[in-house]
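**Student:** Read top to bottom, the protein sequences are chains C and H.
Going by UniProt numbering, the first sequence opens with residue 1, and the numbers climb by one from there.
Going by UniProt numbering, the second sequence opens with residue 1, and the numbers climb by one from there.
Among these hints, one or two may not hold up.
You can't tell identical chains apart in this list, so a pair holds if it fits in one copy or across any two.
[To be verified] No farther apart than 16 Å at their CA atoms in a straight line, the calculated lysine to aspartate or glutamate pairs in the EDC-like style are these: (1) K88 - D101; (2) K130 - E43; (3) K161 - D20; (4) K189 - E294.
Hints are computed from structural coordinates only; laboratory data are not their basis.
Number of protein chains: 2
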Amino acid sequence: MNITSKQIAELCGVTRGTVDRALNNRPGINPETRVKILRVAEELGYRPHFLAQSLVKGHTKTLGIVLFDIHNQIFSQLFHAFEAEARKRGYIVYLVLSNRDKDLELEYINNLLDRRVDGIALLPTNFNKKFETLLTRSRTPIVTFGNRLSGPFPYVWIDDKQAIRDSVAFLSSQGYRHLIYLSPPLMRKGKENIYVPEQRYLGFIEACDEISDMRHNVIAQKNYLAELEQLIEKTNSKSAILCSSDVYALEVLKWLKSRKIRVPEQIGLMGFDNIHVLKYINPSLTTVDYNVNEIGTKLADILINQINNDEVPSETLIAHHVLQGESVTLDRDL
Amino acid sequence: MNITSKQIAELCGVTRGTVDRALNNRPGINPETRVKILRVAEELGYRPHFLAQSLVKGHTKTLGIVLFDIHNQIFSQLFHAFEAEARKRGYIVYLVLSNRDKDLELEYINNLLDRRVDGIALLPTNFNKKFETLLTRSRTPIVTFGNRLSGPFPYVWIDDKQAIRDSVAFLSSQGYRHLIYLSPPLMRKGKENIYVPEQRYLGFIEACDEISDMRHNVIAQKNYLAELEQLIEKTNSKSAILCSSDVYALEVLKWLKSRKIRVPEQIGLMGFDNIHVLKYINPSLTTVDYNVNEIGTKLADILINQINNDEVPSETLIAHHVLQGESVTLDRDL
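Using the sequences and the hints given, assemble the complete structure.
**Tutor:** Written as structure tokens, this is what we have:
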């Protein structure tokens, strides 16, 4: 329960009109009365009724962002940049975590729309027509990242397929002749939005197919370590494990260490994302680096520009490059 | 701009009262008309005006949480638990990051109050009377964690002083006779709220003073590595570095490795927090473990109970314990 201008009027023995004139710095009021009203208002912690003003002005100066989680540092880094840009432009941010749950994502988007956010940045788990219709009908500016939607929602991310193609090319150029690609489960296709894992997978297959003597395997199941162990045991080429994220790569590295399999001497290992925590990992991980801060900043920028009815690009792809660490040998003859 | 019940009334050729009856499932309306109205409402993506209802009901079903950052995993883990509990109870959450900036924190709190959040969970950087008066006057339920305020705001955290006392006792019991404590800068005292680092520092000093033959040093400056190097070079006792957080410990471990100083053979190392990422670190870090999920859940629980005018505990301290890793030798005679 906040102080109202009516209460201030009563306390100062003036009309509400006079209070409004004082608070809104309008003329037609005795200077002493103005000072008195402003002092009382400040002492009582009066703040103009933002919600009521929002109803009139039609904006709330709030944004929503839908992420899977913030356990993966790539998302907490992205959020930091998004939030900083939003604040700079006068917005504050609801962060909701879908945990890749389609129903939860839908519930959250409805909650955000109920609260009349001015715009939503969305990493979608849903993907179908009905979902996109909900977004379009909300008449709320949306910007997407990671997984794509089919509708005309601006999109900010990296070129996932090309990034994995570049990774394969790099490993190939260093003499690797057997690549094992570790992907999140892909059988969710048609059930949820798996645009990112699918693009990376396709990049891997395409790139390997173009190299005549490249053996390759894909592991895309939850219990990947058993399958990985079998593949590693049987290999007799110079081989590397290419992971679709650093989080996977860190799990694999931990497991390889527990099996006394040396990286990179016995097997190469490569991640994706270049998350902050890599700086504490030995051997340092070869990975795909891109400026996730730029993605977060662009998302807020494009969303707010949309809110302001400025024209925005339909697609913004951030540059990426292979970052060489110690987990891949640069020597052709091991 | 969303669809209003007035627009639905026009489209269906009925009065607004009839539309309200249909949407709110009240009697006094022809069943066919009801079905027609509901179908039109759904097709147009109508949702009841949450903001307008909020003004009437006096609540927005939103919470704010003020964190320093989410780079430190202890905070992202805490947020996950807070957000999950809030959702379970029908609330969604603004996450704002103060970056330990007092002015920014104040600005954010005002922004949250403007948006009429029903409650705020606060890790404060500010601490003075004026700040606490602002919080009290807002008449908005507040729960604090980490740094304490002097006012009657419920508090959820761990017993920081005791946790460091327990760490010193553990290191002492393993034969360590020289402890170097790494703290965030403490000269900010009186300028900002440093309750947590101060309690941990006091715990260290108290515990060391009680052990007659324990040499001890405190490093509490930004460029701590130069001072650390000097102290390590001069020591000839069995010594360990006790860090006030895992983040510090990881930085130190990285530096020790670069100097080829072996942990734990040449020096012991201990962290604080048991953040997720420790599972990827070698040698595994001895640290202080506590259930940060429980802190996040309790914060939401206590905040929502306050909102509901239920009685809440003024202080909730979560248990902690020393988690033994490989970075401290358990052998007295090295």
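**Student:** Each hint needs a verdict: does it hold in this structure or not?
**Tutor:** A quick look at each hint next to the structure:
In this assembly of identical chains, the alpha carbons of K88 and D101 lie at most 16 Å apart only when taken from different copies (14 Å versus 31 Å within one copy). In this assembly of identical chains, the alpha carbons of K130 and E43 lie at most 16 Å apart only when taken from different copies (11 Å versus 51 Å within one copy). In this homomeric assembly, K161 and D20 never come within 16 Å of each other (Cα to Cα): the closest approach is 58 Å inside a single copy and 51 Å across copies. In this assembly of identical chains, K189 and E294 lie within 16 Å of each other by CA distance neither inside one copy nor across copies; the values are 29 Å within and 35 Å between.
Violation of the numbered hints given earlier is confined to hints 3 and 4; the remaining hints are satisfied by the structure.
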